[in-house]
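Novice: Please arrange chain B with the ligands on chain A, whose structure you already have, making use of the hints.
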Amino acid sequence: MVKADNNQIARSSPFKAWAINHIRTLIASLGAMTRQPASSFMTVAVIAIALALPAGLFVLLNNASNISIGWDNSAQISVFLKADTSEKQAQKLMGKLRLYDDVAQISLINKKQALKEFKKISGFGDAIEALGDNPLPHVLTIQPVIDANRPDKIHHLIKQLNQQKQVELAQLDLQWVKRLFAMLEIAQRAIWVVASLLGIAVLLVVGNTIRLDIQNRREEIEVTKLIGGTDAFIRRPFLYTGLWYGISGGISAWLLTALSISLLDNSVEHLASLYNSGFQLKGLSFSEGINLIGFSCFLGLSGSWIAVGRHLSEIEPS
Amino acid sequence: MIRFDNVCKRYPGGYEALNNVSFHLPRGEMAFLTGHSGAGKSTLLKLIALIERPSRGNLLLDGINLSSVGNSKVPYIRRNIGIVFQNHHLLYDRTVFDNVSLPLIIAGYQHKEIGKRVRAALDQVGLLKKEKSAPITLSGGEQQRVGIARAIVHKPGLLLADEPTGNLDPELSKEIMALFRRFNDVGVTVLIASHNLELIKQMGNPVISLNQGALSHNDLSVTSHG
Ligand SMILES: Nc1ncnc2c1ncn2[C@@H]1O[C@H](COP(=O)(O)OP(=O)(O)OP(=O)(O)O)[C@@H](O)[C@H]1O
Ligand SMILES: [Mg+2]
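Chain order of the listed sequences is A and B. The working numbering puts the first residue of the first sequence at 914, with every later residue one more than the last. The working numbering puts the first residue of the second sequence at 20, with every later residue one more than the last.
With the rest of the complex left out, here is chain B:
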């Protein structure tokens, strides 16, 4: 589903955030991405979501070479990806419900359907009672879970999560991981960037590690066939 072929990413300042990264994440797989702070985890996820573009190399998503995707096609690709952002990216002038419903509104769901799906997503992250709250009145962990609900509400085929448990206690972290696992069980491909090595070990999923922008450890194959 996701294939990196010698991908390099150099930021405008000249900093090389990713250096010759190659791996293949098969459809329906769930994997973890680790590495020290500044290793390039967020950069790697941003490349998949077309928030950044590779400086060199090829990146294939679902068989589509992302270098060939024009700006006008980007939204349609993003709609099939659920993204949990490291810095939440919530809208603070709207209720939790309105935040979570945004992907459904963009896709043009009907009113009744939106209510049903948003409540189902909030239920899964344990925030059903907070649907009318403003995000600013929630704790950091609760805000993070609102972001997770928004990423899963439209049942995307691919879920990218950047430090989804950064602000959660061990108990809640486990619950969220279990939620991702349930998603993976019904066929969603999942890639999670995380510092939480202990939890990652417990989960037992394949791990890829970055060090200074280069792959230092890879449980996945490098090509689609190996």
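Just chain A, same shape as in the assembly:
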């Protein structure tokens, strides 16, 4: 139109105008949040708690896995030798296996000795006597070297043992270790379910906050549309508000988790010292914390995006 050219001179280049608008809105939306400290604080607190809960559970689970890896040290492999193996052959096999890298300790349970013990413990002495032959085999017990990063090593060792000529059967004794791991896995899945549900809750909280925000600023939205604000321009402050909620909620969740861990840590340390263990609770690592904040930003942005998509188009000036 007539004067349009005139305007171009003082106006910034399109990209610069775009960047200026973005930065301006980013700061303005933070300003708008701080102008309503009470309601902003509540929203951020809800996000923080909703995210700190699964994050805290995640930390505890991680620590539990670490302990159980420690317990793995007491895992034992029992190697049952064939019935016709002589004691001498058994000694020789033990000597050979002792040299394996993955074998930390090895000892032989002599079958005579084993029978004697069994008689004593079971009280079936006479009945066993009646059998004549000693039904028990020689047994080698092995403490494997545990490498927490390579759980498959143990299985490899068992396979190797089973391939020995004199070996009838080699097996890992500790079924309960497996059970524990299975339980930890279930717990992990449960945490993911909890985290997903709470993530949806965060989405809804942010969405609802933004929806109220949109309603409160109806007049402003109408006027902005009337004087030529694009939908993107109108959308922007709400999206940035959602992003700010996400960032501050994520940081607060991290702090909250760290705080809870440090509160627990004293009593855990005391407990561990009773067991002569130097065990210490580990909090979220730096990269886990950054992930938490990133996830929170994603939720904040998505929540506001949904609210904006649903409620902004309803507002048309008349």
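Simulated from the structure, these hints should not be mistaken for laboratory data. Treat the hints with care, since some could be wrong.
[Unchecked claim] For lysine-lysine, the following DSS-like pairs were computed, each having C-alpha atoms within a straight-line distance of at most 25 Å:
1) B/K149 to B/K193
2) A/K929 to B/K131
3) A/K1009 to A/K929
4) A/K1066 to A/K1005
5) A/K929 to B/K92
6) A/K929 to B/K135
7) B/K149 to B/K135
8) A/K995 to A/K1009
9) B/K135 to B/K151
Specialist: What follows is chain B with the ligands alone, placed relative to chain A:
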């Protein structure tokens, strides 16, 4: 610049607010729109600003047929129009300065430039001292002038004003009209809806009148060529 070709506007309730309106307002012209209350003046202005859409007929703005303008293009067309609204449409939680600067912010002007232009616009409506005030603390006439400053701050090519002097005393009304005239002198096309027949007569600009949604008087030609 603005051409109405047999434009009809029927509101959802079924009320026919405009009926077969045809006129042509050339570029650089300044004209008045009169008519009784409810005649359809605001409706006519809203059609130009794409706040409402015609039910029938064609409306051309700067050679563009507005029926063919999609919703996503509407903002860019509005940016070249300055609109003074009958009911002000000010933001009451912001200062006068922030209200007036809104069109410049939308267009992405730089901070320094915004300050300069906003103060120039406020100066023209005599409100330079009120830039930090909240609109609610201003009189009706002052609020109206804030609306005028916002409509002219980005130097649009077309100025639409709906009862811009409704709340102003005769003295101030004249001043505002003179301001519009100055705008018109530098090439801005101006269309003003007003009840103030006496002032309109004094101004001596072309007049179009509406009666029950139909044109009853037209100083402008009906086609672009006549
Ligand atoms: N959104 C709407 N829905 C239904 N009817 C409407 C709507 N807007 C206006 N009208 C009707 O259209 C007619 C013309 O309204 P309009 O606002 O254009 O009149 P006007 O000439 O500006 O009057 P005034 O001088 O009082 O401002 C009126 O009868 C009004 O009731
Ligand atoms: Mg009106």
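Novice: Does each hint fit the structure? Answer for all of them.
Specialist: Hints and how they fare:
no.: 1; hint: B/K149 to B/K193; verdict: 21 Å, holds
no.: 2; hint: A/K929 to B/K131; verdict: 14 Å, holds
no.: 3; hint: A/K1009 to A/K929; verdict: 76 Å, violated
no.: 4; hint: A/K1066 to A/K1005; verdict: 24 Å, holds
no.: 5; hint: A/K929 to B/K92; verdict: 21 Å, holds
no.: 6; hint: A/K929 to B/K135; verdict: 19 Å, holds
no.: 7; hint: B/K149 to B/K135; verdict: 15 Å, holds
no.: 8; hint: A/K995 to A/K1009; verdict: 17 Å, holds
no.: 9; hint: B/K135 to B/K151; verdict: 15 Å, holds
Checked against the numbered hints given earlier, this structure breaks only hint 3.
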